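Peer 1: Residue numbers (my numbering), protein chains in the order written: chain F, 1 to 300; chain P, 301 to 600.
Please keep in mind that the hints were generated in silico from the structure rather than gathered at the bench. Do not take every clue at face value.
[Unchecked claim] Each computed DSSO-like pair below joins lysine-lysine, with the alpha-carbon atoms no more than 27 Å apart:
#1 486/P <-> 203/F
#2 580/P <-> 185/F
#3 503/P <-> 148/F
#4 74/F <-> 154/F
#5 316/P <-> 186/F
#6 558/P <-> 185/F
[As the list claims (entries may be wrong)] Stretches of chain P that chain F covers, calculated by requiring three or more beta carbons in the stretch to come under 8 Å of a beta carbon on chain F:
#7 478-485
#8 516-526
#9 556-567
The model shown is predicted, which means the values in this text are computed figures rather than measured ones. Beta carbons are placed, not taken as given, at the ideal position from N, Cα and C, and that holds for glycine.
There are 2 protein chains.
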Amino acid sequence: MSNLIVVGSIGLDTIKTPFERRVDVMGGTAAYFSLAASFFTNTGLISIIGTDFPQNYRDLLKTRGANLDGVEIKEGKNFRFETEYIGNMDERNDISTEVNVLGDFNPKLPESYKSAEYVFLGNTDPEQHLSVLDQVTNPKLTALDTIKLWIDIKLDKVMEAIKRVDIVFLNEFEVRQIFQETNLKKAAMKCLDMGPKYIVVKKGEHGAILYGRDTHFSIPGYPLESVRDPTGAGDAFAGGFMGWIAKTGDISEQNLRKAMVYGSVLASFNTQNMGPDMLKKINIEDIQNRYNEFVRMTHF
Amino acid sequence: MSNLIVVGSIGLDTIKTPFERRVDVMGGTAAYFSLAASFFTNTGLISIIGTDFPQNYRDLLKTRGANLDGVEIKEGKNFRFETEYIGNMDERNDISTEVNVLGDFNPKLPESYKSAEYVFLGNTDPEQHLSVLDQVTNPKLTALDTIKLWIDIKLDKVMEAIKRVDIVFLNEFEVRQIFQETNLKKAAMKCLDMGPKYIVVKKGEHGAILYGRDTHFSIPGYPLESVRDPTGAGDAFAGGFMGWIAKTGDISEQNLRKAMVYGSVLASFNTQNMGPDMLKKINIEDIQNRYNEFVRMTHF
Numbered sequence: 001m002s003n004l005i006v007v008g009s010i011g012l013d014t015i016k017t018p019f020e021r022r023v024d025v026m027g028g029t030a031a032y033f034s035l036a037a038s039f040f041t042n043t044g045l046i047s048i049i050g051t052d053f054p055q056n057y058r059d060l061l062k063t064r065g066a067n068l069d070g071v072e073i074k075e076g077k078n079f080r081f082e083t084e085y086i087g088n089m090d091e092r093n094d095i096s097t098e099v100n101v102l103g104d105f106n107p108k109l110p111e112s113y114k115s116a117e118y119v120f121l122g123n124t125d126p127e128q129h130l131s132v133l134d135q136v137t138n139p140k141l142t143a144l145d146t147i148k149l150w151i152d153i154k155l156d157k158v159m160e161a162i163k164r165v166d167i168v169f170l171n172e173f174e175v176r177q178i179f180q181e182t183n184l185k186k187a188a189m190k191c192l193d194m195g196p197k198y199i200v201v202k203k204g205e206h207g208a209i210l211y212g213r214d215t216h217f218s219i220p221g222y223p224l225e226s227v228r229d230p231t232g233a234g235d236a237f238a239g240g241f242m243g244w245i246a247k248t249g250d251i252s253e254q255n256l257r258k259a260m261v262y263g264s265v266l267a268s269f270n271t272q273n274m275g276p277d278m279l280k281k282i283n284i285e286d287i288q289n290r291y292n293e294f295v296r297m298t299h300f
Numbered sequence: 301m302s303n304l305i306v307v308g309s310i311g312l313d314t315i316k317t318p319f320e321r322r323v324d325v326m327g328g329t330a331a332y333f334s335l336a337a338s339f340f341t342n343t344g345l346i347s348i349i350g351t352d353f354p355q356n357y358r359d360l361l362k363t364r365g366a367n368l369d370g371v372e373i374k375e376g377k378n379f380r381f382e383t384e385y386i387g388n389m390d391e392r393n394d395i396s397t398e399v400n401v402l403g404d405f406n407p408k409l410p411e412s413y414k415s416a417e418y419v420f421l422g423n424t425d426p427e428q429h430l431s432v433l434d435q436v437t438n439p440k441l442t443a444l445d446t447i448k449l450w451i452d453i454k455l456d457k458v459m460e461a462i463k464r465v466d467i468v469f470l471n472e473f474e475v476r477q478i479f480q481e482t483n484l485k486k487a488a489m490k491c492l493d494m495g496p497k498y499i500v501v502k503k504g505e506h507g508a509i510l511y512g513r514d515t516h517f518s519i520p521g522y523p524l525e526s527v528r529d530p531t532g533a534g535d536a537f538a539g540g541f542m543g544w545i546a547k548t549g550d551i552s553e554q555n556l557r558k559a560m561v562y563g564s565v566l567a568s569f570n571t572q573n574m575g576p577d578m579l580k581k582i583n584i585e586d587i588q589n590r591y592n593e594f595v596r597m598t599h600f
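Produce the entire structure from the sequences given, and follow the hints as far as they go.
Peer 2: What follows is the structure, encoded as structure tokens:
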């Protein structure tokens, strides 16, 4: 039984940074999310992979507690994505996206996933979000993320999904785009007007903000001296956040604040090395130490 | 006797925002700084004004506790500055700068200023910074701010002044420019290597960071639904910061963190109306309430 489930891509990424280029690194929302969440709980993945997806990547996910019962294996090539980070790595050029087997993915939840209490809908097609929401029977906390692509081409479905979840995760550009409002706070309030109890606005090196109807919590970015690869930071954030919530079973605002910090801890670690390399190396003590640093750097 | 002194411009600003245009608003570092600091202590100003500087502006500064003994009045026109904020007001076009009487200002401290314990060097000519530092006899905490203009044309003097102060206030672009380092933390460490005990990096809506050799404190921006005019926010920040320190006489790191919050409170209020209008309206209770909001929005 998986109490935390995620729908999202499992990819083979080719990443170029000012430091190096790596081909077919394991990537995708479901991979980063489950690795980050693994420090707190096991995750049930809902995804699809091609027959060329390496066995050792599958093994890695499994040894880190991922349940792959919801991962369909389809004859054909895996989803692939190539990108290049430029300058200070706050900009990137997407070079190619090969959808491949991910193209007509229709998520079908294994019986053991349906009673999951914690549900994260990664930045895939919003119709997949709606399908997963239709299949879960007992959600205690649902959350979604999306990207510019879906806002551009399926805004009505994005909106439909937003109405049905408890928390929306967006970066500052996406929230402005969806709600057509440059002021972040006003845009956040427009989001809450649609139904969600909270919105998390991610601001990269500037941290993240949790807005509720009557509350606001801001967490700064962790001051890294060296960023090696920003890929997957948002998914690692969500994995740390939802993993902590699933582990504690506590959805009070006070605990959501702690989840914001754990999300920031996992996201910051993730950027310190290529692909998910850093998530493979760290342990719960590293995470707790950085959490404590967040306490020291924010309290007065 | 003035225990807190500031050297900086007193200007007549013409400001255009997407909302309105106002001519000859009182502005300049020394004006914003002393108004912001006035909630905590009186400030001795070191500046120069022209004979056309309105009497009612001088009266306003005085009623707010400013000591103008160090403000020279010179035959001629006052320093004037015209700027236009565009779009979301995170960009501005400077339309004109008339230096006028500020051109050959040579700060000469009244006797009553020389024993000041708290000294703020606004973003004027770094040679004025060095001159003020030469004249004070008993400083407990000195701080400076600068701008791109001086970094472009007098970097050696900027560096000389940085070496001689305890705290450097810079925005994120200035710190990257001076220390030729895009990574903020590395740039901050390069600054500390030169002598200062702390550097405050201001990031506008994203808040501010206090870096010490072994410490780091991050304060988020206050989430405003409406920004009317960003002019003077940095000076109001410095005024709130230094005013709090001068009032308490405590330069411990714990108290510098509180000063960061008071600086953020004053800066955020200042952007909510044109010119220094908001600083004229608020009272200490408003300030304390917003300080408490900062506690609520950052603690976990």
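Peer 1: It remains to establish, for every hint, whether it holds in the given structure.
Peer 2: Results for each hint:
{"no.": "1", "hint": "486/P <-> 203/F", "result": "20 Å, holds"}
{"no.": "2", "hint": "580/P <-> 185/F", "result": "26 Å, holds"}
{"no.": "3", "hint": "503/P <-> 148/F", "result": "26 Å, holds"}
{"no.": "4", "hint": "74/F <-> 154/F", "result": "26 Å, holds"}
{"no.": "5", "hint": "316/P <-> 186/F", "result": "23 Å, holds"}
{"no.": "6", "hint": "558/P <-> 185/F", "result": "25 Å, holds"}
{"no.": "7", "hint": "478-485", "result": "holds (count 4)"}
{"no.": "8", "hint": "516-526", "result": "holds (count 10)"}
{"no.": "9", "hint": "556-567", "result": "holds (count 4)"}
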